[in-house]
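Protein chains: 2
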Amino acid sequence: MNRVKTLVEHRCFGGTQGVYSHQSECCRCEMTFGLFLPDAAKDGRVPSLWFLSGLTCTHENAMIKTGAQYWASRHGMALVFPDTSPRGEDVADHSDYDLGQGAGFYVNATETPWSGHFRMWDYVSEELPALLADRFPLDPGSQGITGHSMGGHGALTIGMTFPDRFRSLSAFAPIANPTQSDWGRKQFKAYLGGNEDAWKAHDASHLVARHGYPGKILIDQGSKDPFIDLLCPKALETALAASRQEAGFHHRSGYDHSYFFVMSFIPGHIQHHAAALKGS
Amino acid sequence: MNRVKTLVEHRCFGGTQGVYSHQSECCRCEMTFGLFLPDAAKDGRVPSLWFLSGLTCTHENAMIKTGAQYWASRHGMALVFPDTSPRGEDVADHSDYDLGQGAGFYVNATETPWSGHFRMWDYVSEELPALLADRFPLDPGSQGITGHSMGGHGALTIGMTFPDRFRSLSAFAPIANPTQSDWGRKQFKAYLGGNEDAWKAHDASHLVARHGYPGKILIDQGSKDPFIDLLCPKALETALAASRQEAGFHHRSGYDHSYFFVMSFIPGHIQHHAAALKGS
Numbered sequence: 001m002n003r004v005k006t007l008v009e010h011r012c013f014g015g016t017q018g019v020y021s022h023q024s025e026c027c028r029c030e031m032t033f034g035l036f037l038p039d040a041a042k043d044g045r046v047p048s049l050w051f052l053s054g055l056t057c058t059h060e061n062a063m064i065k066t067g068a069q070y071w072a073s074r075h076g077m078a079l080v081f082p083d084t085s086p087r088g089e090d091v092a093d094h095s096d097y098d099l100g101q102g103a104g105f106y107v108n109a110t111e112t113p114w115s116g117h118f119r120m121w122d123y124v125s126e127e128l129p130a131l132l133a134d135r136f137p138l139d140p141g142s143q144g145i146t147g148h149s150m151g152g153h154g155a156l157t158i159g160m161t162f163p164d165r166f167r168s169l170s171a172f173a174p175i176a177n178p179t180q181s182d183w184g185r186k187q188f189k190a191y192l193g194g195n196e197d198a199w200k201a202h203d204a205s206h207l208v209a210r211h212g213y214p215g216k217i218l219i220d221q222g223s224k225d226p227f228i229d230l231l232c233p234k235a236l237e238t239a240l241a242a243s244r245q246e247a248g249f250h251h252r253s254g255y256d257h258s259y260f261f262v263m264s265f266i267p268g269h270i271q272h273h274a275a276a277l278k279g280s
Numbered sequence: 001m002n003r004v005k006t007l008v009e010h011r012c013f014g015g016t017q018g019v020y021s022h023q024s025e026c027c028r029c030e031m032t033f034g035l036f037l038p039d040a041a042k043d044g045r046v047p048s049l050w051f052l053s054g055l056t057c058t059h060e061n062a063m064i065k066t067g068a069q070y071w072a073s074r075h076g077m078a079l080v081f082p083d084t085s086p087r088g089e090d091v092a093d094h095s096d097y098d099l100g101q102g103a104g105f106y107v108n109a110t111e112t113p114w115s116g117h118f119r120m121w122d123y124v125s126e127e128l129p130a131l132l133a134d135r136f137p138l139d140p141g142s143q144g145i146t147g148h149s150m151g152g153h154g155a156l157t158i159g160m161t162f163p164d165r166f167r168s169l170s171a172f173a174p175i176a177n178p179t180q181s182d183w184g185r186k187q188f189k190a191y192l193g194g195n196e197d198a199w200k201a202h203d204a205s206h207l208v209a210r211h212g213y214p215g216k217i218l219i220d221q222g223s224k225d226p227f228i229d230l231l232c233p234k235a236l237e238t239a240l241a242a243s244r245q246e247a248g249f250h251h252r253s254g255y256d257h258s259y260f261f262v263m264s265f266i267p268g269h270i271q272h273h274a275a276a277l278k279g280s
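Chains P and Y, in that order, are what the protein sequence lines are.
Here the first sequence is numbered in my numbering, starting from 1 and rising by one per residue.
Here the second sequence is numbered in my numbering, starting from 1 and rising by one per residue.
Okay, chain P solo, but in the shape it has when bound (with noise of 0.2 Å):
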């Protein structure tokens, strides 16, 4: 399992920006992801905040458009960028850029063509951290999570469903009522099946209203983000009102969806992060 190759190592910022992959068993395929690691990870393990990208998009995109090793170097802090999807040849995909190979929506798939890889869920939350923990100096017992997208969807779920793995949350622009969006209905029906119920797990509004997160969610949302019909930050936001939450949700006036909007901001985030895991 933790055949790890290194693809490519820049320096950045006094740390290490590389680039590895390694054969995923829960998605029987190659898998490529991003770690930064700080200079302080020389002198033992670090904290870490995982960054889960949105549709379209690899390990890359936040990792070279977020500018985000900065301030993580400034925390001494490393950051995680997994992939999206399952990818390869073998890999069941689909002309249409949200669904397969890109627009994994961090589920396990349970219908085919798209169960024998689609793992995303399992690989985020378990098989990843594990090979990480073990392969570099991260602790496993000081992990944020954070992503813009559907990689804010991603991890405002999996962080609500293990707020012991991912001690600190937060999201950017994230798709926050899927069950009731064309971003989430079709790829639900597609992974999960026609049984509503079962989507539930994976809708950060339902998630907040059932047990929420024991600590405090920052979200960013633009207001001129072109696909906030998709994203349905009301509902979400209604729902941490109601469940008294303790949350953060940021209205950016003028902002859209682009890694513009994320770079912007990003420092904000890493400090949230920061200053939960200090000393978790």
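Treat the hints with caution; some may be incorrect.
[What the hints assert, rightly or not] Straight-line C-alpha distance at most 30 Å; calculated BS3-like pairs for lysine-lysine: (1) P:Lys224 - P:Lys200; (2) Y:Lys186 - Y:Lys234; (3) P:Lys224 - Y:Lys224; (4) Y:Lys216 - Y:Lys234; (5) Y:Lys5 - P:Lys5; (6) Y:Lys224 - P:Lys42; (7) P:Lys224 - Y:Lys5; (8) Y:Lys278 - Y:Lys42; (9) P:Lys234 - P:Lys224; (10) P:Lys200 - P:Lys186; (11) Y:Lys200 - Y:Lys224; (12) Y:Lys186 - Y:Lys200.
[Claimed, not checked] Selected chain Y positions facing chain P (in silico; Cβ < 10 Å): (13) Cys26; (14) Thr66; (15) Gly222; (16) Met263.
Since the hints were made in silico from the structure, they are not lab data.
Glycine is no exception: its CB is placed at the ideal position from the N, C-alpha and C atoms.
Chain P is fixed; fit chain Y onto it per the hints.
Below, chain Y alone, put in the same frame as chain P:
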């Protein structure tokens, strides 16, 4: 001349990261550029830093990969990201990555088939600054210039030739002695012809010896840059020392030629330009 098309604008760190195009008179084709305007530009003309990119790049690479907008916004400074060559079906090209489109080398070509469009020297030093000062709230008397690799070559040669237009100067891993390098001789022969004397005006090491620059030149170079033999930093360092040019030449241990190197040292470069431009 002043028809600037807005291709896209993103809010970013309180300012605006835009991408625009216009019909270039000197390049005789549609040219695209990126422009970051900080929030401070609402209140009046701001200083600007020009970032010239390297081989194979467009206006986009530095705009999305350097994280420079954060630092520019802090200093109330605009960022200009020009393209690296003329583009289009009518524009001459070559199958090599280092000649033709994406490889303009910041010269005015005199030789066929390049002379019709490849006039990046005039474009960067005259046409685009005039257009930007006319169309956007930029202070034409407060401009600095930097760049990476081929763009570092462009920044150094244009900066040293027009110190009144570019009042601060720096470079990341510049092609520093192109008249003696395979990154230079091939292109200068194609673009400028066989008279090597004409090449010297486009060689930073020659220009330092000839007249230098009336201010401090800041240069960063990675020690593990795989292209170091093509970049020839030693020739430039020797010339800087021989002419007692005010300069800071930093060898950065373990860094390579990538944008992870650039992003790691852009904070210091923007600080350098902001300090030099303050009050100019």
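query: Keeping to a limit of 30 Å between CA atoms, is the pair of Lys234 of chain P and Lys224 of chain P held or broken?
result: Roughly 14 Å separates the two Cα atoms, so the pair holds.
message: Next pair to validate is Lys200 of chain P with Lys186 of chain P; report whether the Cα-Cα distance is within 30 Å.
response: holds (14 Å)
message: Would the hint on Thr66 of chain Y be counted as holding, given a Cβ-Cβ threshold of 10 Å to chain P?
response: Interface hint status for Thr66 of chain Y: holds (8 Å vs cutoff 10 Å).
query: When you check the alpha-carbon spacing of Lys200 of chain Y and Lys224 of chain Y, does it fall within 30 Å?
result: holds (28 Å)
Pair hint outcome, Lys224 of chain Y versus Lys42 of chain P [Cα-Cα no greater than 30 Å]: holds (20 Å)
message: Tell me if the straight-line CA distance from Lys278 of chain Y to Lys42 of chain Y falls inside 30 Å.
response: holds (18 Å)
- prompt: Does the nearest C-beta of chain P fall within a distance shorter than 10 Å of the C-beta of Gly222 of chain Y?
  reply: holds (7 Å)
query: Was the hint right that Cys26 of chain Y lines chain P, CB cutoff 10 Å?
result: violated (30 Å)
query: Given Met263 of chain Y as an interface hint, is the shortest Cβ-Cβ distance to chain P below 10 Å?
result: Nearest chain P Cβ about 7 Å off; hint holds.
query: Does the structure keep Lys224 of chain P and Lys5 of chain Y at a Cα separation of 30 Å or less?
result: With a Cα-Cα distance of about 21 Å, the restraint between Lys224 of chain P and Lys5 of chain Y holds, given a limit of 30 Å.
- prompt: Keeping to a limit of 30 Å between CA atoms, is the pair of Lys224 of chain P and Lys224 of chain Y held or broken?
  reply: violated (43 Å)
message: Between the alpha carbons of Lys186 of chain Y and Lys200 of chain Y, is the straight-line distance 30 Å or under?
response: holds (14 Å)
In summary, the structure is inconsistent with hints 3, 5, 13 from the numbered list given earlier, while agreeing with the others.
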